[in-house]
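Residue numbers (my numbering), protein chains in the order written: chain A, 1 to 246; chain B, 1 to 184.
It is worth saying that the hints were derived from the structure and are not from the lab.
Treat each hint with caution, since some may be false.
Here are the simulated DMTMM-like cross-link-like pairs (lysine to aspartate or glutamate), alpha carbons at most 25 Å apart as the crow flies [said to hold, decoys possible]:
hint : chain 1 : residue 1 : chain 2 : residue 2
1    : B       : Lys175    : A       : Asp212
2    : A       : Lys180    : B       : Glu109
3    : A       : Lys182    : B       : Asp140
4    : A       : Lys182    : B       : Glu109
5    : B       : Lys175    : A       : Asp179
6    : B       : Lys172    : A       : Asp155
7    : A       : Lys182    : B       : Asp7
8    : B       : Lys67     : A       : Glu192
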Amino acid sequence: MATLADLKISEVKLSEEQTGKWGMVIDQDICTGCQACVAACAMENNLSFVGEVDSGYGRSMHWIRIERFWEGAYPEVKMTPNQPMMCQQCGSAPCEPVCPAYATMHSQAEQLNLQVYNRCVGTRYCANNCPYQVRSFNWRDYERPEPLSNQLNPDVTVRRRGVMEKCTFCIQRIHKAQDKAKSEGREVVDGEFTTACAQACPANAITFGRVDDPESLVSQLAHRGHGVKHLEELGALPSVTYFKGG
Amino acid sequence: MIKRIFDWLKQPLGLIAVGIAVLALFSLAAYGIYTTQQPPEQPIQFPHQTHVAFGIQCLYCHPGAAKGPAAGIPSQAKCWGCHNQIAKTQTSLLLAPLKDAVTSGTPIEWVPVAQVPDFVQFNHRAHIAAGKNCEDCHGDMSKVTIAQNPQVFNMGWCLNCHVETAGQDHEKLVKLSDCGTCHY
Numbered sequence: 001m002a003t004l005a006d007l008k009i010s011e012v013k014l015s016e017e018q019t020g021k022w023g024m025v026i027d028q029d030i031c032t033g034c035q036a037c038v039a040a041c042a043m044e045n046n047l048s049f050v051g052e053v054d055s056g057y058g059r060s061m062h063w064i065r066i067e068r069f070w071e072g073a074y075p076e077v078k079m080t081p082n083q084p085m086m087c088q089q090c091g092s093a094p095c096e097p098v099c100p101a102y103a104t105m106h107s108q109a110e111q112l113n114l115q116v117y118n119r120c121v122g123t124r125y126c127a128n129n130c131p132y133q134v135r136s137f138n139w140r141d142y143e144r145p146e147p148l149s150n151q152l153n154p155d156v157t158v159r160r161r162g163v164m165e166k167c168t169f170c171i172q173r174i175h176k177a178q179d180k181a182k183s184e185g186r187e188v189v190d191g192e193f194t195t196a197c198a199q200a201c202p203a204n205a206i207t208f209g210r211v212d213d214p215e216s217l218v219s220q221l222a223h224r225g226h227g228v229k230h231l232e233e234l235g236a237l238p239s240v241t242y243f244k245g246g
Numbered sequence: 001m002i003k004r005i006f007d008w009l010k011q012p013l014g015l016i017a018v019g020i021a022v023l024a025l026f027s028l029a030a031y032g033i034y035t036t037q038q039p040p041e042q043p044i045q046f047p048h049q050t051h052v053a054f055g056i057q058c059l060y061c062h063p064g065a066a067k068g069p070a071a072g073i074p075s076q077a078k079c080w081g082c083h084n085q086i087a088k089t090q091t092s093l094l095l096a097p098l099k100d101a102v103t104s105g106t107p108i109e110w111v112p113v114a115q116v117p118d119f120v121q122f123n124h125r126a127h128i129a130a131g132k133n134c135e136d137c138h139g140d141m142s143k144v145t146i147a148q149n150p151q152v153f154n155m156g157w158c159l160n161c162h163v164e165t166a167g168q169d170h171e172k173l174v175k176l177s178d179c180g181t182c183h184y
């Protein structure tokens with residue numbers, strides 16, 4: 001009988017060999033920066049409303065944010081295109097090996113970076129080691145005034161004070177789609193479901209799907225050639241491809 | 001001062017006092033653990049064994065177990081579907097809360113017994129589809145009145161069964177022992 005110990009040995013593979021399973025393609029040229037993805041993500045994943053004061057201390061909590069940078073020196077300043085930034089679900093994630101509590105694990109089944117809230121002790125080491133700065137920490141138990149408490153998504157854990165959290169690629173939707181497909185005795189079809197951010201995007205700038213399936217829309221887009229992966233030189237093997245100036 | 005207290009405790013009377021104190025603390029702790037393992041107070045002393053004895057299937061009242069994440073607790077309309085045809089319902093003291101609830105239209109507030117923490121995402125459907133029977137986790141309902149847990153629902157217990165179910169199938173083991181299968 002295969003045991004958990006056997007599994008550990010088989011996990012020790014070179015990270016370069018791993019292809020990843022779920023991936024995303026973001027077209028920065030058609031992103032308008034409307035923040036619909038940010039709002040949809042917050043609703044889907046039970047994000048806390050941090051408020052003005054704590055945001056001022058840099059404690060705002062978003063699993064996806066729209067980044068913009070300035071290029072050049074004043075007064076010849078040029079804005080870079082809107083850049084939606086979320087957890088890149090790295091194949092060789094810098095956040096994972098530094099966790100002393102094994103709370104941020106690599107999912108072997110879904111090839112995603114996980115955050116196990118009940119294991120997290122809040123050292124914040126993972127957030128400090130993340131090159132994309134996409135992890136957010138629950139500094140407090142933030143209040144949800146009365147009508148807002150009714151919009152919580154029952155499929156997602158409501159996090160408490162003192163734990164780290166980040167984008168999960170809407171793993172609850174992945175599981176739901178897999179469960180539905182299995183109950184109907186078939187495989188998950190490409191485009192059957194998508195993440196909250198991709199669903200909300202009015203410009204269809206975000207595409208989500210299986211990158212290990214050459215027939216899927218996301219892998220066809222990703223192999224077009226002019227896509228880039230952010231901070232690829234770090235060797236973290238991110239799963240999100242960006243298109244800019246294409 | 002401390003020496004005087006120790007001297008007093010070394011007397012026979014003092015030793016008895018220490019003994020009683022230790023015993024009291026121990027029994028208090030034991031009682032505390034005992035209370036956590038008791039089924040909660042329910043609005044109706046629902047007799048599971050009677051319903052099972054009539055041959056009613058689990059899935060008749062808890063159909064959600066075969067379809068989705070939650071098994072569900074039947075609505076009072078479902079209870080009433082059978083019970084309004086049973087003459088005893090009108091006179092039974094045990095069923096008075098059900099009669100009241102149906103006539104006044106207020107829901108019966110059942111207390112869930114088998115619960116997993118908020119950070120665990122449990123899906124009944126997958127377990128039924130994998131060939132698990134209700135009694136494998138919830139115990140033999142033909143023997144209990146109010147539902148009670150035959151064991152503590154903890155991760156070790158879940159994982160033991162997951163690893164056992166996977167057996168030699170490596171792909172299945174990866175899926176069933178993945179953190180992200182239950183925690184997200």
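Hints, one by one, checked against the model:
1. B:Lys175 / A:Asp212: Since the Cα atoms of Lys175 of chain B and Asp212 of chain A sit roughly 17 Å apart, the hinted pair holds (cutoff 25 Å).
2. A:Lys180 / B:Glu109: 31 Å, violated
3. A:Lys182 / B:Asp140: 29 Å, violated
4. A:Lys182 / B:Glu109: 34 Å, violated
5. B:Lys175 / A:Asp179: 13 Å, holds
6. B:Lys172 / A:Asp155: This hinted pair holds, its Cα atoms lying about 23 Å apart.
7. A:Lys182 / B:Asp7: 73 Å, violated
8. B:Lys67 / A:Glu192: 19 Å, holds
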